[in-house]
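Chains A and X, in that order, give the protein sequences.
With this note's numbering, letter number 116 in the first sequence gets 1462, and the count goes up by one each step, no holes.
With this note's numbering, letter number 163 in the second sequence gets 1509, and the count goes up by one each step, no holes.
Treat the hints as calculated values from the structure; they're not laboratory data.
By construction, the Cβ of each residue, glycine as well, lies at the ideal position given by its N, Cα and C atoms.
A portion of the hints provided could be inaccurate.
[Stated by the list, open to error] Cut-off 27 Å, straight-line C-alpha distance, at most; resulting in silico cross-link-like pairs (DSSO-like, lysine-lysine):
| hint | chain 1 | residue 1 | chain 2 | residue 2 |
| --- | --- | --- | --- | --- |
| 1 | A | K1378 | A | K1435 |
| 2 | X | K1366 | A | K1423 |
| 3 | A | K1361 | X | K1361 |
| 4 | A | K1423 | X | K1435 |
| 5 | A | K1435 | A | K1359 |
| 6 | A | K1526 | X | K1378 |
[Unchecked claim] A few chain X residues facing chain A, derived, Cβ under 7 Å:
| hint | residue |
| --- | --- |
| 7 | K1359 |
| 8 | F1408 |
| 9 | R1409 |
| 10 | M1416 |
| 11 | L1417 |
| 12 | R1439 |
| 13 | G1443 |
| 14 | Y1456 |
| 15 | D1484 |
| 16 | F1486 |
| 17 | V1489 |
| 18 | P1493 |
[Claimed, not checked] Label-pair distances were calculated between CB atoms; the ranges are:
| hint | chain 1 | residue 1 | chain 2 | residue 2 | range |
| --- | --- | --- | --- | --- | --- |
| 19 | A | K1491 | X | E1425 | 40 to 48 Å |
| 20 | X | Q1414 | A | K1359 | 17 to 25 Å |
| 21 | A | P1388 | X | E1447 | 25 to 33 Å |
| 22 | A | G1443 | X | D1480 | 27 to 35 Å |
Protein chains: 2
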Amino acid sequence: MDLREEQVSCEYKFKGRIIKVRLDQARLPDGKIAGREVVEHPGGVTVAALTDEGELLFVRQFRYPYMQEMLELPAGKLEPGEDPFEAMKREQREETGTFAETYTYLGEIYPSPGYCGEILRLWACRISGACEMDLDEDEFLEVLKIPLEEAYQMALRGELPDAKTQIGVLRTYALVKDGKI
Amino acid sequence: MDLREEQVSCEYKFKGRIIKVRLDQARLPDGKIAGREVVEHPGGVTVAALTDEGELLFVRQFRYPYMQEMLELPAGKLEPGEDPFEAMKREQREETGTFAETYTYLGEIYPSPGYCGEILRLWACRISGACEMDLDEDEFLEVLKIPLEEAYQMALRGELPDAKTQIGVLRTYALVKDGKI
């Protein structure tokens, strides 16, 4: 079965600092035309960083779209032309003041593929050293450490709603249990 | 540390059939004003449905923002005023032609909290019966069954990038292993 849709037209409705929004017309598999709303995003990176004591680093941040504080893995978006791996290390350094010798790549995350084209890349690491934090001017956050087992139980109880964070915790738990990190 | 941000102003930039996009001005914890781009979404539902043979139901769909086919758990968005639990059962029925007697609620997923306000709710179930599929007019998809253990290994290899799908597979695997479903 051919599921492909083809772009017929494209109109930008909003160009912001972070996202762009398009309203396209697309040709469906049956030949009909339908509107497709698309959010464009430069892409993001995130890291599950383990301390020597087996704790995961989290950041607590206010998330404006939900008007609430959330517990998340350190993350950020790509600067124009930036390599994702370098961006991830930069975000880890800036938000948590830590770095690692080696990183395990855990793949891509598509947050909401029905209307959003963001690709988020996920790594896990064991922290090997400390450096200075360096937050953006409009960035306010607190760094927390949570033992991996406790974070895993929080994920199973539905207490880590942020998608990348829940995935990062579940995947890192599996890696550690399998002796792969 | 007070991390709260306050809405100062709000301007809708796009109102589509699925999403609305706002550009707000917000007061940061240090009193400064910054722009905040917000995607509003009616909310979604998704279900990890296990067959008698221990397979998970997936749907293969073309996802226009990525211009590629993806393997996902059955899912959909809330109709205006619709109860999330009823919406999930409706989507399961429409997309896979199955239903269950009991469902285990696995919590909320926030796909991309930096700019998006979507809340997606996740359930798991063991399928208890079959009914007729009933796809929307502009919906084209194929239903697939994948053994849970194989789906889990796909998730660990990074082959299930859709966030809700990866979370649903990892969580259902944990539920089954713990004898909780």
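Exercise. Broken hints, numbered, in rising order?
Worked result: The structure conflicts with hints 1, 4, 5, 6, 11, 12, 13, 17, 18, 21 and 22, although it agrees with all the remaining ones.
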